[in-house]
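A.B. asks: The lines below spell out each chain.
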Amino acid sequence: MRKRARLLGATAMGIAAILALVACGSSSNTTSSSGTTAGTAKQGGTIKIGTVGPDSYDPQEYQTVQADSALHLVYEGLLAFKDATGQASTELVPALADSIPTPTNGGKTYVFHIRPGLHYSDGEPVVASDVVNMVKRNLFLGGPFSSFFDDIAGTAAYAAAKKPNAPLTGMIADDKTGTLTINLTTPDTRVLYAFAIGESGVGPKRKAVFKNMTGHPFPGDGPYTLKVVSPSPTNGEFILTKNPKFDIPTIAKGNVQQIDGMVSTNVNQMTENVINGTLDYMTEDPVGDLLPQVEAKYKDRFLIGPGYPNTYYFFMNSTIPPFNKLAARQAVNYAIDSRALERIFGGRLHPTCNLLPPGMVGYQPITPCPWGDPAGPGNIAKATALVKSAGLTGAPVTVWTNNKDPRPAIADYLRSTLDQIGFKASTKTLNQLVYFSTIGARSTKAQIGFDDWFQDFPHPGDFMGNLLTTEAAKATPSFNAGFVSDPYVDAQVNKLDAQPAASVASGWAALDKYVNDPQHAYVVPYGNEEDTAFYSPRMNVAQCSGYPDLAHRVDWLLLCLK
Amino acid sequence: MARRERPRGPSRRAYNRAVAEEPAAAVATEGTGFEDIARLEHAVGVGPWKLAARRLRRNKVALAFAVLFILLVATAVAAPIWAHDVAHTDVGTNHLTEVLKEGNKSVYVVALNGIPAGPQWFNAGGKFFLGADANGRDIMVRLLYGARTSLEIGVSAALITTIFAVIIALLAGYLGGIVDTVISRIMDVVWAFPVVILGVALGTALSIGGLKIGPITIQSGSLLIPILIIGFVYVPYIARPLRGQVFSLREKEFIEAARAQGMGPIRIMFSEILPNLASTIVVFFPLSIANAILLEAYLSFLGAGVQPPTPSWGEMISEGINLITTAPHLTIVPGVMLVLTVLSLNIFGDGVRDALDPRAKVRIEL
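Chains F and Y supply the protein sequences, listed in that same order.
1 is the number of the first residue of the first sequence in my numbering; add one for each residue after it.
1 is the number of the first residue of the second sequence in my numbering; add one for each residue after it.
Simulated from the structure, these hints should not be mistaken for lab results.
Wrong hints could be hidden among the right ones.
[Unchecked claim] Listed below are the simulated DSSO-like cross-link pairs for lysine-lysine, each with C-alpha atoms no more than 27 Å apart in a straight line:
1) F:Lys325 <-> F:Lys424
2) F:Lys48 <-> F:Lys404
3) F:Lys108 <-> F:Lys48
4) Y:Lys212 <-> F:Lys445
5) F:Lys424 <-> Y:Lys101
6) F:Lys162 <-> F:Lys205
These numbers were taken from a predicted model, which means no experiment stands behind them.
Whole structure, please, built from the sequences with the hints as guidance.
C.D. replies: Structure (structure tokens):
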């Protein structure tokens, strides 16, 4: 009964969210050619946003949704995602480029033209070679997103040269004409998305130098400028102020004059601050008993729904014991009980057997799930037998996690389960700001642990390519925390990436099934999280919630005051 | 201060002989009250420890809290028995999806919305006596094992603090000069940092990478890390008052006599001065344990102390904060245990201090 009641509640919230979406959708649909939001959205004012913080203020270095939400307002790339809510938020629009090019040369060449007259916030003109500089920074700094550009010709040679100014033969920039030609080694439909994500934001090449600039962010070309008041991860602050020099007609200019980002690790305090209006929005989900309280009392300013496509899973390092043995990986898959994890998420988790999330092209529920009903109990007996047969009983395992709620509880559940099936497990908890870069380093030798993936762009390659390919495993840190390296997966990703995702949806679905089948069991996907958006009474939630933005979770450019 | 200056060791025997030979002199100036009784007891040859024990026996409040502390220790020792024979679980097992029978109705150990079951007392046959936490773990079991952790850390850290503080106080106080200057300045540096901040800084650093000194490696999840951190940060707080006492003692006649007999500094420190510090050390020790337990709770609450899944009261309080309105038992139960333990040690410690020297104002200044 409780579940049904909750489902009904969720359905009601869903309807409310849809109504809100319709309202926001109409608002975003009226985004004028000048980029301003038409209608009744109030302009100006200052809002305060609570967040656990950008993990970096360097656009080529950050990894988290929180960083993306803020920094995509500061740094624009060749392309961008439409400032809208719902499915429209995944549409590509030209940003620095004057249009989205059609590939030539069998899908291997793209020619962009930079809009004339664009300037950074410091007054310096935007030129085509700044985009080349951005790609080089990604490759040179070795950030996790560097693998997005691997199909550009010459990237291997550039990386091997280990010099910032080494040539990148696949990108030819002409600053006089504003033309940028990009040659790929193989057709890759992900590349347009790669130039639209926040990590492709550019800066003036004289200032966007080849070192981590998180302490001294360089000027951007987006609708807001960035000032880091305090970089503290526990009590930091950054300020986004409207950029008077911004003039890209396809990008919203933003409604509020200033956004103060208040960085804190205390999500409970953040929630209380939104309740009492000290904060106007928070990037985090309310946790513990504040969630039901917020759901019940503040329905008018709390939105919940499937929102941002995501998958929660456990990575297993397939290069070191014990998870280099198939039986160990199978055992964990058999043992996991998503119903238990659903409770840790306060009911916001929907059990899954797939790595691809619902709503993604290529998503087909794997039925029957080889590990048993995803919404049913785990098979502890079978898992225990597998561990025993592999001679792994008593093998020490460290479960890695970070300190953001409810992740320590998730890790403890996994530890308890591993103990039950015969391993000798312990947990290791890191600060969430360094967690993903730590487990993504091969030298850490993290055996198993918490992981999640929220889509960067609506393409199954964003999941498969980043999380399970050999190319992704080469980056440091890598998103492929299990360091999975399977030639079949690599070949399939390359093959499927070459064609529009929708036309090869069945291929992606087959690959999803392949990586989750008992012969491989590379990861342990266990659920898709409903995301939330919670606003202060000052915010105009009905018309400008900015939720759900399927590319940025909530589009801060659409937020406005009442 | 006179009692602490009373000589021990060879000189103490000479002192006792003198008192035995002239008891009349010892009782010649009779007064009234506690001190006079003490003086009288002394006069008939009662040893200082026996005397202290008599005084302690008269302090019923201190004794009551000592009994409470012993009970707490006993429950901690009995943790595995409760877990195995009553709760039928162990300290770390998650029971998230299990269902409990409460009379005619069934309740989930953790409901779908993440709210855990409250105290079951004996309705579920002893399972979840004090309820469950958000991971479906038995709070009573974790509480008892948490007591073990707290006591283990408290006693070990207090021992480390005391040993180092005594050595440092003896060296600085007796040798003086440059040795005292160097040691005192180092202690001042440590003293300059608030205990909790220093503990959190060290705990955060060591909880990630562990500790490696030469061939010795301590894993990041080991209890040794909070023990060493807590033991270290309190050293100046004990060493400083002890050093003052050593300064005073080294000027006494019995030390001069020892020097005149040709005793070396090390022997004088450990056989002449150290016995005279004993009563102060005995007073400090339970108070140090109480402070160590409190600091462990602070650090664990902040994630810089005991690392999960090892249970600790501070960690349990921290985990319960998220559910404080719907499941307040998660924070109240370990909080009450913490208060009782620290209170019992402090009151017993005060009783010991009063028994050893009723006029002493020995305090650990934090």
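A.B. asks: Would you mind marking each hint as holding or not holding in the structure?
C.D. replies: Verification of the hints:
no., hint, result
1, F:Lys325 <-> F:Lys424, "holds, 16 Å"
2, F:Lys48 <-> F:Lys404, "holds, 21 Å"
3, F:Lys108 <-> F:Lys48, "violated, 44 Å"
4, Y:Lys212 <-> F:Lys445, "holds, 18 Å"
5, F:Lys424 <-> Y:Lys101, "violated, 31 Å"
6, F:Lys162 <-> F:Lys205, "holds, 18 Å"
Hints 3 and 5 from the earlier list are contradicted by this structure; the remaining hints agree with it.
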